[in-house]
Amino acid sequence: MLLIPCPWCGPRDESEYHYGGQAHIPYPDDPSALTDEEWARYLFFRDNPKGPFAERWNHTAGCRRWFNAVRDTSTNEILTVYRVGEERPATAERGGLYSARPAFEDEALSGPIGGLGAEPPARTRTRTNTRTLTFTFDGAEYQGREGDTLASALLANGVIQAATSIKLGRPRGIFSAGAEEPNAVIQIEEPFPEPMLPATTVELYDGLVATSLPGQGRLATEPDPARYDAVHDHCDVLIVGAGPAGLAAAAAAARSGARVILADDQPELGGSLLGTGELPTWVSETTRLLTTSPDIRVLHRTTVFGYYDDNHLLAVERRTNHLGAAAPPNVARERVHRIRARRVVLATGAHERSLAFADNDRPGVMLAHSARTYANRYGVLPGRRAVVFTTNDSAYAAALDLAAAGVEIAAIVDTRDDAGEWAERARTAGIEVLPGHAVTGTDGDTRLTSVTVSTYGRTEKQREFTADLLLVSGGWNPVAHLFSQAGGRLRHDETLGTFVPDSCRQAVEVAGSASGVLDLAGVLAQGAAAGVRALEAEGYAAQAPALPAVPAQPRPTPPMQVFTVPGREGAPRFVDLQRDVTVDDLTRATAAGMRSVEHTKRYTTAGTANDQGKTSGVLASGVVAELLGVDISALGTTTFRPPYVPVSFAALAGRDRGGLSDPVRTTALHAWHVTHGALFENVGQWKRPWYYPQDGEDMESAVLRECAAAREGVAFMDASTLGKIDVQGPDAALFLDRLYTNMISTLKTGMIRYGVMCRPDGMVFDDGTVMRLAQDRFLVTTTTGNAAAVLDWMEEWLQTEWPELRVHCTSVTEQWATVALVGPKSRAVLGSLAPQLAVANEDFPFMAWRETTVAGLDARVCRISFSGELAYEINVSPWEALALWEALCEAGAPYGITPYGTETMHVLRAEKGYPIVGQDTDGTVTPQDLGMSWAVSKKKPDFIGKRSYARADTARPDRKHLVGLLTEEPGTFLPEGTHLVADSVLPAPPVPMLGHVTSSYRSAALGRTFALALVKGGRDRIGERLYAPVGGRLVPVTVASPVLYDPEGAHRDG
Amino acid sequence: MADTALSAPPRSPLAHDAHRLAAATRASRGAIRLAELPFLAQVNVRLDAKGGAADAVGLALGLQLPLEPNTVVRTGELTAVWLGPDEWLVVGAPGSQAAVEARIREAAGDEHVSVTDVSAQRTTLLVAGPRARDLLAHGCSLDLHPRVFGAGRCAQTTLARTQVVLVARDQPRAGFWVLVRSSFAGYLTDWLLDAATEYLA
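From first to last, the protein sequence lines stand for chains A and B.
So the first sequence is numbered by our numbering: it starts at 353 and just counts up by one.
So the second sequence is numbered by our numbering: it starts at 28 and just counts up by one.
Hints in this document: simulated from the structure, not taken from any laboratory.
This one's a predicted model, so the numbers in the text were calculated from it and none came from an experiment.
Check each hint, because a few of them may be wrong.
Just so you have them, the derived chain B footprint on chain A, three or more residues with Cβ under 8 Å [what the hints assert, rightly or not]:
{"#": "1", "region": "1074-1088"}
{"#": "2", "region": "1142-1155"}
Cβ-Cβ distance ranges computed for the label pairs, FRET-style [said to hold, decoys possible]:
{"#": "3", "chain 1": "A", "residue 1": "E390", "chain 2": "B", "residue 2": "Q91", "range": "33 to 41 Å"}
{"#": "4", "chain 1": "B", "residue 1": "P65", "chain 2": "A", "residue 2": "V1035", "range": "23 to 31 Å"}
{"#": "5", "chain 1": "B", "residue 1": "T224", "chain 2": "A", "residue 2": "V1026", "range": "22 to 30 Å"}
{"#": "6", "chain 1": "A", "residue 1": "D399", "chain 2": "B", "residue 2": "T224", "range": "49 to 57 Å"}
{"#": "7", "chain 1": "B", "residue 1": "Q91", "chain 2": "A", "residue 2": "F1001", "range": "45 to 53 Å"}
{"#": "8", "chain 1": "A", "residue 1": "E620", "chain 2": "B", "residue 2": "P36", "range": "54 to 62 Å"}
Note that beta-carbon positions come from the ideal geometry of N, C-alpha and C, so glycine has one too.
Hey, can you work out the whole structure from these sequences and the hints?
Spelled out as structure tokens, the structure:
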């Protein structure tokens, strides 16, 4: 959602605006002096540059002002805005690029190093004081603890297999401890069915019933009873992620006065620190600081999943999912936050990457840091005896923590020849380290039983370890999804061997391991610095927060970039576990000629599952790079698109469903219509009575009855939905003369004229009536659906082309309720209610209006007819509309007064050949095509559309004209939209089309069906036989005049 | 027959919904207050802010028409709401529209000023209480934080995809006026009551 600055109202969402096309295309001074080519150029030709483009916008939902904006068409950035009439200002490129890591080199990046480092936290299942929860998985009942995820609870019960794979049906185990999970995607069955949720992100609750899935879930067949909603949020700084970097950034903002939102997907703050068990005191102190700072909002269980224009981010907050059946029904289960942030700090962390080795998918193969998280955060040991397979230092800390927690570490297998100080540290703890080695195979069926190890690069078996756990670390991928969605560019970092954020056009900074910094002290320092910078940029005095001391770590050894590992012959090496894509599949893709990861992705489906390739994306790029013999930096990643995690349609739909799916407009008489059994038709957003069926009536008989009442007695209709615009000012008449095709200025006060409005291309845009209220004041009516568009149209011309005209336009659509009173008896009914009104034809002629009282109410009565019958439109205050309506009911009762709806209105007007703009026209129809040359002034020097009538195209004899159509069989009904052809036998395609049916009805007055149609050269075909293909047969029809009822107008005056 | 009509009191757009608004207010236990303020006089004024008429009209109304976008000026019973650089909505006590219109026309004299009674065009919803801002944030993309949208601020924007005029009332606790086109008022009421579900006991 762009944020467009209105020159008056300031920045507003783009949804408040209407686009008006290229700016500085003035209406020609004298269109009649232009050649056809020059006029066509004005009408149809516009620039289409790449780069800055001056265009017109209207703040439709705000101050209704037109203004100009210079927008860069390649980035959508609004470079400047200026008022109509002002010169286009010079524009420089906006802002330029924000570096994802500004002033990075100035920051202290490392904590103390050297020596053995801190002791790992020794604890298992520390949450002894938490509540026990009972849940069911695949039919078996288990116990878990409050604070568990479904995955950690399953692991605590010794269950690791949680799925079978989608294509190959191989058993798959819990692979990670977070949103990146590719394997353990499960179905919740109770309390409400929900498919495809990673077990690693489902918080455990009492009574949870879940099942494992074969790679695909099942949608619920019953309606979801939960509420979902959305809110708009605003902040100075949005911090995404509450790990060490995000917490440090937020701590910098505490008490600064800045409005900060800290969004984190977990129930508690700490991020990766919860998994490593580091700095627990600092985490709890910072949590307390943040939750007591009045301007800081902490959104728990909230995943920011989309990053859009102008720092507009979408997040989903899971508010009651974790409560299960205990969730209060009046609280939204999930809430979408639409966050507009002045600045954003992304502290989204990093995902550990796997390696493509033989049989790397058995349950028991797990990312090393995830296993560490299960031990430290959940107090759960995911296995008893583990082999660790790594290319970098980080898995050593995991091995040490797990060993301290009671897992027997059989060996650490490191592809690097020299694993440095961390290896020493492990050996000191009694762990065997095999540098220069790799895992070349695994065994086990539903669970890993053994791991085969060889010298790195060789495939013959050298060692075999019995193990139920294989912890893997192939390095780290910064979570750059949101940064990339923001339009940020990634660059390949040689040292890290992965892609890191580089620069972005939006005001965003990336901190911590999301930017590729992996040592804790560096992460904290960078987070704090990012927070301070963001605050200072927003004008707040920020103070660098006190950061905790980080225990010494062994000296780091550079990681080794490894993607594929040769292994046991014929064994699959999985790249994308969720899509069952292997190295062999990618080999086939490159062999077939795929040269880009975007192509291999689509060829193999790698990265297209609902985990969006979080653990496999960079691995796939690395494998493809190896296969093509190029460097991964040349290949890049596939495009990151929202949503970062799967978001349910229910959450996205929120409350915009059922009766609230779209605004509904009703008239002051709506309740009466409902009470009296009306069925409703949607006209724009209006609910209009369609017809009023009486006992047992179908639509056809109800409409025939209503039509007969209007033609023979008296009938009435709620016409309040017609658009009404008050046009005031000394130049009002001149203005309307320019806007309408016919002459308005000659209209006398007290009289009404029908008018047609066209676009400059001469095509009909709207029609309605114009009442002259006073010398300098008119009331214009528009079609129901077009009221806002007509007012915008008027404002556009007044503001951008004719600012010198002293005219103002004001919508008064709802200021008046309008009742159409129709039929030969209407004069009698009106006369009985309006004693002061002289209702005789000579006193109150057609197309006149009078101010009087009707039923004691102040009223403006117009003699207008949209049916050809004697008719009135009575306008009163909507506050008194019901009183008027009920008075008409009572006064009309002796004449059998009948309420009628839009269907009857359509029949009555169509019998008279009155077109409905938008039904009988489609933007390619001139007034002349409609047979309304009489409404096109020959006298006025110019009006909008006039020049186009001198173009050859508008004078073609084969233009489509509005005509009547009568089927040979009077009972045959032509569906609207039916095409018309010349012959009784269809020729071979392409069949020449002569036109189509625009309106079709059954007429009580004519005693038969009839239709209106746009037909090529139609007026010259009257009497001609054409054919209409309907349901496989060609129905013969005769072209007729569009005026089929009372062509002499005898009924107009009653 | 005329007598029956005369005896019927005018009906505001939300007359049907008054009891629902009151029930929600009660059920929220002070968290939100929802009510229709029916029949307020509303007069649309268009004039050149730089011309002489602006001062004359201001003098006649006893308030300066606000020139700063998206602000309101109040005196006594009258509130002038900025709608555009040459457009204001003067809101007054029910029934005063004819008098207000006459005062403006008289003050304007021969200057080109457009005055239109739009009292029935929109109705006014009061949205107040400690959770008023949260309630509106469900459907309004503007930042309504008191730092940004404090007393004296107004805005034309959309609420639940419906065009509205929002006015922050003088006291922070006094909440907001939501002026909505009468035809949308029923829908917006349904929307507000549904949005309030979470704040109701």
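Now for the hints, and whether the structure bears them out:
1. Judged by the Cβ-Cβ criterion of 8 Å, the region 1074-1088 of chain A is covered by chain B as claimed, because 4 of its residues qualify and three suffice.
2. Only when three residues or more bring their CB closer than 8 Å to a CB of chain B does the claim for the region 1142-1155 of chain A stand; here the count is 0, and the claim is violated.
3. For E390/A paired with Q91/B, a C-beta distance near 49 Å fails the hint of 33 to 41 Å.
4. Restraint check, P65/B to V1035/A: a C-beta distance of roughly 27 Å satisfies the suggested window 23 to 31 Å.
5. Our hint of 22 to 30 Å for T224/B and V1026/A holds, since their Cβ atoms are close to 24 Å apart.
6. Look at D399/A against T224/B: about 50 Å separates their beta carbons, and that is inside 49 to 57 Å.
7. About 51 Å separates the C-beta atoms of Q91/B and F1001/A, a value consistent with the hinted range of 45 to 53 Å.
8. The hint said 54 to 62 Å for the Cβ distance between E620/A and P36/B, and at roughly 58 Å that hint holds.
Checked against the numbered hints above, the structure violates hints 2 and 3; every other hint is satisfied.
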